[in-house]
Amino acid sequence: MNVVLAKTETGRALSDIFAIARDRLPGAGKIADARQQAFEAYERVGLPHRRIEDWKYTDLRVLMREVLPLAPAPDAAALKRAGTALKLHAIKGERRLVLVDGVFAPKLSEAADLEKGLSIRTLREMLEAGDTALREQLFAPDNSNSMVALNSAMMSDGLVIEVAEGAALTQPLHIVHIASGAQPAAMFTRSLLKLGRTAAATLVESYISADGAKAYQVHDSLVVSIGDRARLDHVRLVEDGREAFNISSAVVTLGARAHLNTFGMTSGSSASRYQAVITFAGEGSQVETNGVNLLNGRQHADTTLFLDHAVPNCASREIFRAVVDDRGHSVFQGRIIVRPQAQKTDAKMMTRALLLSDEAEADNKPELEIFADDVTCGHGAATGALDQSLLFYLRARGLSEKEAQALLIQAFVGEAIESIADDALRELAISAAHRWLAARG
Amino acid sequence: MPLLEVRNLQVRVEENEILHGLSLAVNKGEVHAIMGPNGSGKSTLSHVIAGKPGYEVTGGEILFNGEDLLAMAPDERSAKGVFLAFQYPVEIPGVATMTFLRTALNAQRKARGESEFSTPDFLKKVRSVAASLNIPQDMLRRGVNVGFSGGEKKRNEILQMALFEPSLCILDEMDSGLDIDALRVAADGVNALRSPDRAMVVITHYQRLLNYIVPDFVHVMSKGRVVKSGDKELALELEASGYTQFEDAA
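Going line by line, the protein sequences match chains R and L.
For what it's worth, the working numbering labels the leading residue of the first sequence as 1, then goes sequentially.
For what it's worth, the working numbering labels the leading residue of the second sequence as 1, then goes sequentially.
Everything labelled a hint here was simulated from the structure, so no lab data went into it.
The structure displayed is predicted, hence computed values, not measured ones.
Glycine included, every Cβ here is placed at the ideal spot set by N, Cα and C.
Incorrect hints may appear among the rest.
[Said to hold, decoys possible] Facing chain R, from chain L, some residues (calculated, C-beta under 7 Å): (1) 50; (2) 70; (3) 74; (4) 90; (5) 95; (6) 104; (7) 108; (8) 192.
[What the hints assert, rightly or not] Okay, derived cross-link-like pairs now, BS3-like style, lysine-lysine, Cα gap no bigger than 30 Å in a straight line: (9) R:344 / R:214; (10) L:125 / R:402; (11) R:402 / L:52; (12) L:52 / L:28; (13) R:80 / R:92; (14) L:80 / L:28; (15) L:110 / R:402; (16) R:365 / R:344; (17) R:402 / L:80; (18) R:92 / R:107; (19) R:92 / R:30; (20) R:194 / R:107; (21) L:124 / R:402; (22) L:110 / L:228; (23) R:402 / L:153.
[As the list claims (entries may be wrong)] Some chain R residues close to chain L (C-beta under 10 Å, calculated; not the full set): (24) 375; (25) 390; (26) 393; (27) 399; (28) 408; (29) 415.
Based on the sequences and whatever the hints tell you, model everything.
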C-alpha cells in the first residue's frame with residue numbers, strides 16, 4: 001500500500017510545484033490561461049504509467065521517484081562550470097545557443113551578428129511579449145500527452161528561431177542544454193524552429209552536464225515547422241549525467257517537397273524518453289529518422305516515434321539500433337500511420353537491438369496502421385547477442401574482449417550513424433558513441 | 001627448446017573426446033604439414049592452439065616458447081606471435097578492413113609494450129604487402145571479408161600474417177574452396193613468409209597444397225592422435241594409398 005501511495009505522491013508534488021511557480025513563470029493573460037489549461041490536462045492523466053499503452057515500457061510512476069524543485073537561474077559559478085563542460089561538445093563553425101539549468105545564457109551563446117534571414121529570440125521574451133500568432137505555435141503540441149501538457153504548463157525558457165524563406169544557413173545551430181549541477185533541480189524548456197519556404201538549416205541539440213552534476217530533471221520540447229521545399233538536418237545527443245532524468249518531446253510538421261534528416265542518440269541519463277510526432281502535411285516530402293540507444297548500468301531509454309503520413313507521395317525511413325549492457329533497458333516504439341488519402345506512401349522501419357548481458361532488456365514495438373491501398377510499407381525488428389565467431393576472430397587477431405566488443409558495437413550502430421548526411425555531425429555522433437564505449441572500459 | 005610443444009593433449013567438446021593424447025613439437029624455421037581424414041581432429045588442434053572457446057582441455061599441455069599457452073587468452077596468444085589463418089574467415093560488416101588491420105596490429109604491439117604505428121607508416125606497410133598479394137586497395141576499404149570471394153578471403157588472411165609477423169602460423173585448410181590459380185597466389189604469399197625465425201603448421205586434407213608449400217615434416221592424424229610422422233615423401237605416399245590404413249591402425 002505504501003508503494004502505491006509513494007507513486008501518486010510524485011504526481012501530487014508536481015501539482016504543488018506548479019501552484020508555487022505559476023506566478024513566476026513568464027507570460028500573463030492568455031499565456032497564463034494556456035498554462036492553466038495545460039496543467040489541468042496534465043492533472044487529468046497525471047504521471048503516465050504502464051497501463052497507458054503508449055507508456056507501457058516506461059512507467060514514470062516507477063522511474064520518476066521524486067519531484068525536484070524548479071532550477072534557480074544560474075549564478076556566476078554555475079555559468080563557469082557550464083562553460084567548461086561545453087568545450088568537449090563544440091562543433092566546428094557552429095552557432096552555439098546555450099541553456100544553463102533551463103535558462104538562456106547569453107554570455108555562453110552566439111545570438112548576435114546573425115546572418116541574413118535568421119532570427120533568434122528567447123522563449124522567455126516571447127512569452128512575456130505574448131504575441132498571438134506565436135502563442136498558437138508555442139502551445140501547438142497536443143496536451144493529451146500528459147508530459148507534453150506538463151511541459152506546456154511549466155516551460156520557462158528556450159529558443160525561438162526563424163529562418164526566412166530562401167535562407168540557407170551556413171552555420172549549424174547548436175542548442176546545448178547544460179545542467180550546472182548547482183543543486184538537484186528540474187528545468188522546463190521549449191524551443192521553436194520555423195523554416196520558411198526553400199530554407200535550409202542544421203540543428204543540433206546536446207544534453208550534457210557540468211562535472212559533478214547529480215540528480216536533475218530535463219523536461220524539454222521542440223516545435224518545428226519545415227516549409228515547402230525546405231530542408232532540416234537535425235541531430236540530438238543525450239549525454240546527460242548518470243543520475244539525470246530527461247523527457248523530451250518533438251512535434252515536426254513538413255510542408256510540400258520538404259526534407260528532414262534527423263538522428264537521435266541516447267548514451268547518457270538514468271531514465272529518458274524522447275517522443276516525436278512527425279507529420280507530413282504537404283506532398284512529395286521525405287523523412288529519414290534514425291536513432292541509437294547505448295545503455296549500460298541501469299539506464300532506461302525510450303524512443304517513441306510517430307510518423308503521420310497524412311498526405312500522398314511521401315517517403316519515410318527509420319533505422320534504429322539499441323546496444324544494451326548490464327541491466328539497461330531500451331525501448332523503441334515506432335508507429336507509422338498512413339491515412340486513407342495518403343496513396344503512394346513509401347514507409348520503412350527497421351529496428352535492431354544488441355544485448356550484451358543476460359539481464360539487458362530491449363523492447364521493440366513497430367506499429368503500422370495503413371488505411372490507403374497503394375503504398376509500400378515495411379518494418380522489421382530483430383534482437384540478438386554479439387556473434388561469438390566474430391568475437392573470436394577479433395580476439396585471435398589480438399583485440400581484448402572489450403576492444404573486440406567495441407569494434408562490433410561500432411559496426412552495429414554504424415548503419416544508423418552513417419545516415420547522418422553531414423560529415424561534421426556524423427563525427428559528433430561518432431565521438432559521443434566513443435565516449436560511451438570508453439566509459440565502459 | 002621447440003617454439004611449439006604439444007604434449008599428450010586431450011580435448012573434449014561437450015561429451016566427445018576429440019584429441020586423445022596428441023603430441024607435436026615444432027621448431028623455428030620448420031614447416032610442418034598435418035594431414036588426415038575428416039574428423040581426425042586437425043581443426044580442433046588449430047582451434048585449441050588459438051584459444052577458441054568451446055573446447056575443454058582435459059589433459060596434457062601446450063607450450064609456446066616454453067610458456068603455458070593454455071593459460072593465455074586468445075588475444076595474449078596473438079600478441080605473443082601465434083597466428084591462425086582461418087579455414088572460414090568470418091565476414092564483419094561495418095568494420096572496414098583498414099580499421100580492423102590497424103586496430104589489431106596496434107593492439108598486439110601495445111600488448112608487447114611496443115609503440116603504435118603512425119598512420120603513414122601503417123598505410124605504407126599495408127599497401128606494400130597488399131600489392132605483393134594482388135589485393136586491390138578497394139578491398140581494404142570494404143568491410144572485413146564482406147563480399148570477398150573465397151580466394152580473396154584467404155589472401156586477406158595471408159595479408160594479416162604478413163602484417164602481424166607472427167612466429168607461429170597455423171594454416172587451417174587453406175586450400176579449401178580455392179581453385180588452382182587462387183591456391184598458387186595464396187601459396188606464394190605463404191612461401192614469401194617462410195623464415196628461419198618463423199614456424200608454420202599447415203593443416204590440409206589434400207596433398208595438392210603441399211606441392212606449393214613444401215613441408216619439412218608431415219604428420220598423419222587419425223582419431224585424435226598423430227599416427228605417423230615423416231618427411232614430404234609421406235604426403236605423396238598418402239596420396240597414393242589413402243587414409244584407410246591409418247584409420248584401421250588407430
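Given residue 393 of chain R as an interface hint, is its Cβ closer than 10 Å to any Cβ of chain L?
At about 5 Å, which falls below the 10 Å cut-off, the nearest Cβ of chain L leaves the hint on residue 393 of chain R intact, so it holds.
Mind checking the CB of residue 415 of chain R against every CB in chain L and telling me if the closest is under 10 Å?
With a minimum Cβ separation of about 7 Å from chain L (threshold 10 Å), the hint on residue 415 of chain R holds.
Checking hints one by one. Is residue 104 of chain L an interface residue toward chain R, by the C-beta closer than 7 Å rule?
4 Å, holds
Answer holds if the nearest beta-carbon of chain L is closer than 10 Å to that of residue 399 of chain R; otherwise answer violated.
5 Å, holds
CA of residue 365 of chain R to CA of residue 344 of chain R, is that 30 Å or under?
Within the cut-off at roughly 24 Å; holds.
Hint check: 10 Å Cβ-Cβ cutoff, residue 408 of chain R to chain L:
7 Å, holds
Hinted pair residue 402 of chain R and residue 80 of chain L, Cα distance within 30 Å
19 Å, holds
Interface hint for residue 95 of chain L, Cβ within 7 Å of any Cβ on chain R:
5 Å, holds
Given the proposed pairing of residue 344 of chain R with residue 214 of chain R, does the C-alpha separation stay at or below 30 Å?
With a Cα-Cα distance of about 49 Å, the restraint between residue 344 of chain R and residue 214 of chain R is violated, given a limit of 30 Å.
When you check the alpha-carbon spacing of residue 80 of chain R and residue 92 of chain R, does it fall within 30 Å?
21 Å, holds
Between residue 402 of chain R and residue 52 of chain L, does the CA-CA distance stay at or below 30 Å?
Holds. Residue 402 of chain R to residue 52 of chain L sits at ~17 Å (cutoff 30 Å).
Interface hint outcome for residue 375 of chain R [beta carbon to chain L under 10 Å]:
30 Å, violated
Of the numbered hints listed earlier, those contradicted by the structure are 2, 8, 9, 19, 22 and 24.
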